[in-house]
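Colleague: Listed here are the chains, written in short residue letters.
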Amino acid sequence: MMGKKTLTFMLMDAPFENARTTTALRLIDIAARRGYDINVFAYEGAVYLPLAAQARHANAVHGTDAAEEDHPLPREWVAAVMQEAARNGGKLDWVNCGLCVDERGANEAIAGVRRGSPADFWKMAGASDNVLVIPTR
Amino acid sequence: MKVLNIVETAYRATLEEQDDPVVWILHAMKGAGADHSVVLSGNAVNYAVMAQGVPPLMFGDKVQKHAPHIAEQVAGLIAKGVQVMVVRECLAARGIDEEELMDGLALVKQAALPKVMNGYDQVWHW
Numbered sequence: 019m020m021g022k023k024t025l026t027f028m029l030m031d032a033p034f035e036n037a038r039t040t041t042a043l044r045l046i047d048i049a050a051r052r053g054y055d056i057n058v059f060a061y062e063g064a065v066y067l068p069l070a071a072q073a074r075h076a077n078a079v080h081g082t083d084a085a086e087e088d089h090p091l092p093r094e095w096v097a098a099v100m101q102e103a104a105r106n107g108g109k110l111d112w113v114n115c116g117l118c119v120d121e122r123g124a125n126e127a128i129a130g131v132r133r134g135s136p137a138d139f140w141k142m143a144g145a146s147d148n149v150l151v152i153p154t155r
Numbered sequence: 105m106k107v108l109n110i111v112e113t114a115y116r117a118t119l120e121e122q123d124d125p126v127v128w129i130l131h132a133m134k135g136a137g138a139d140h141s142v143v144l145s146g147n148a149v150n151y152a153v154m155a156q157g158v159p160p161l162m163f164g165d166k167v168q169k170h171a172p173h174i175a176e177q178v179a180g181l182i183a184k185g186v187q188v189m190v191v192r193e194c195l196a197a198r199g200i201d202e203e204e205l206m207d208g209l210a211l212v213k214q215a216a217l218p219k220v221m222n223g224y225d226q227v228w229h230w
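Chains E and W are the protein sequences, given in the same order.
Quick note on numbering: the first sequence equals residues 19 to 155 in this note's numbering.
Quick note on numbering: the second sequence equals residues 105 to 230 in this note's numbering.
Take the hints with a grain of salt, since some may be wrong.
[As the list claims (entries may be wrong)] Computed list of lysine-lysine pairs in DSS-like fashion (alpha-carbon distance at most 30 Å, straight line):
1) E:K109 / E:K22
2) W:K134 / W:K106
3) W:K184 / W:K106
4) W:K166 / E:K109
5) E:K23 / W:K134
6) E:K141 / E:K109
7) W:K219 / E:K109
8) W:K134 / W:K184
9) E:K109 / E:K23
10) E:K22 / W:K166
11) W:K134 / W:K219
12) W:K134 / W:K166
[Said to hold, decoys possible] Listed next, the stretches of chain W that the computed footprint assigns to chain E, with coverage defined by at least 3 CB atoms under 8 Å from CB atoms of chain E:
13) 188-198
14) 209-216
[To be verified] Where chain W lies over chain E, by a calculated footprint (3+ residues, C-beta under 8 Å):
15) 23-37
16) 40-51
17) 89-97
If you're looking for bench data, these hints aren't it; they were derived computationally from the structure.
All C-beta atoms, glycine included, are put in the ideal place defined by N, C-alpha and C.
Pulled out of the complex, with its shape left as it was, chain E reads as follows:
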């Protein structure tokens, strides 16, 4: 019987620097669409992914104003996958590593993000069907 899956992702990369974050969020989005329960432990620079202060800007090289540019904001992507999970009967528990937040001053996260520690990741991993670690390279 195919029961409801629980998946845990460990993310480590800061936004806007490589493709790994986008790939991770694509995988999380698929899991959300399937109604899985998803845990994300954001470690090191990944705590910036749900930073509430992320803002759009104009882009002179593209010749666009802020509205036309519609610059991607990972905080919106995180919120979108949280909503998608809830819509499909699952949940996305996003935990920002507290010490990583402190050393970066990245305290202001979007709603639904909570502060935690590596112990949370350990517990999440133990309670999951599978775990995917996507570290910084």
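Use these hints to put chain W onto chain E, whose structure you have.
Modeller: Chain W only, in chain E's frame:
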């Protein structure tokens, strides 16, 4: 000051930035008067391939409508007078034929790179 930019890391944050950040900053610096050239090596040789596309990006209900057009960005540098070179061996290793590339590029052999570098005041490796 003449600067040679060797771009080797490819598709770095291109979906989040809606462009390649290195190609973007080369455009911006060119606008500020920079005199620079580009060598595409490693996986970045694919930036010279015209027939590349990006599938739609969507998370939940959030849709990103402006996919990056990397080849157009590189072609834009050429149009602004930036010399763009591509390492021949890196193309061959990835099975990319010359016919797949945009116009205006110069193909350079790996062994010729030291001589190319000597023509610049600085070399920046991205």
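Colleague: Are the hints correct? Go through all of them and say.
Modeller: Hints, one by one, checked against the model:
{"no.": "1", "hint": "E:K109 / E:K22", "in the structure": "11 Å, holds"}
{"no.": "2", "hint": "W:K134 / W:K106", "in the structure": "12 Å, holds"}
{"no.": "3", "hint": "W:K184 / W:K106", "in the structure": "16 Å, holds"}
{"no.": "4", "hint": "W:K166 / E:K109", "in the structure": "18 Å, holds"}
{"no.": "5", "hint": "E:K23 / W:K134", "in the structure": "51 Å, violated"}
{"no.": "6", "hint": "E:K141 / E:K109", "in the structure": "16 Å, holds"}
{"no.": "7", "hint": "W:K219 / E:K109", "in the structure": "57 Å, violated"}
{"no.": "8", "hint": "W:K134 / W:K184", "in the structure": "8 Å, holds"}
{"no.": "9", "hint": "E:K109 / E:K23", "in the structure": "11 Å, holds"}
{"no.": "10", "hint": "E:K22 / W:K166", "in the structure": "25 Å, holds"}
{"no.": "11", "hint": "W:K134 / W:K219", "in the structure": "24 Å, holds"}
{"no.": "12", "hint": "W:K134 / W:K166", "in the structure": "34 Å, violated"}
{"no.": "13", "hint": "188-198", "in the structure": "violated (count 0)"}
{"no.": "14", "hint": "209-216", "in the structure": "violated (count 0)"}
{"no.": "15", "hint": "23-37", "in the structure": "holds (count 5)"}
{"no.": "16", "hint": "40-51", "in the structure": "holds (count 5)"}
{"no.": "17", "hint": "89-97", "in the structure": "holds (count 6)"}
Violation of the numbered hints given earlier is confined to hints 5, 7, 12, 13 and 14; the remaining hints are satisfied by the structure.
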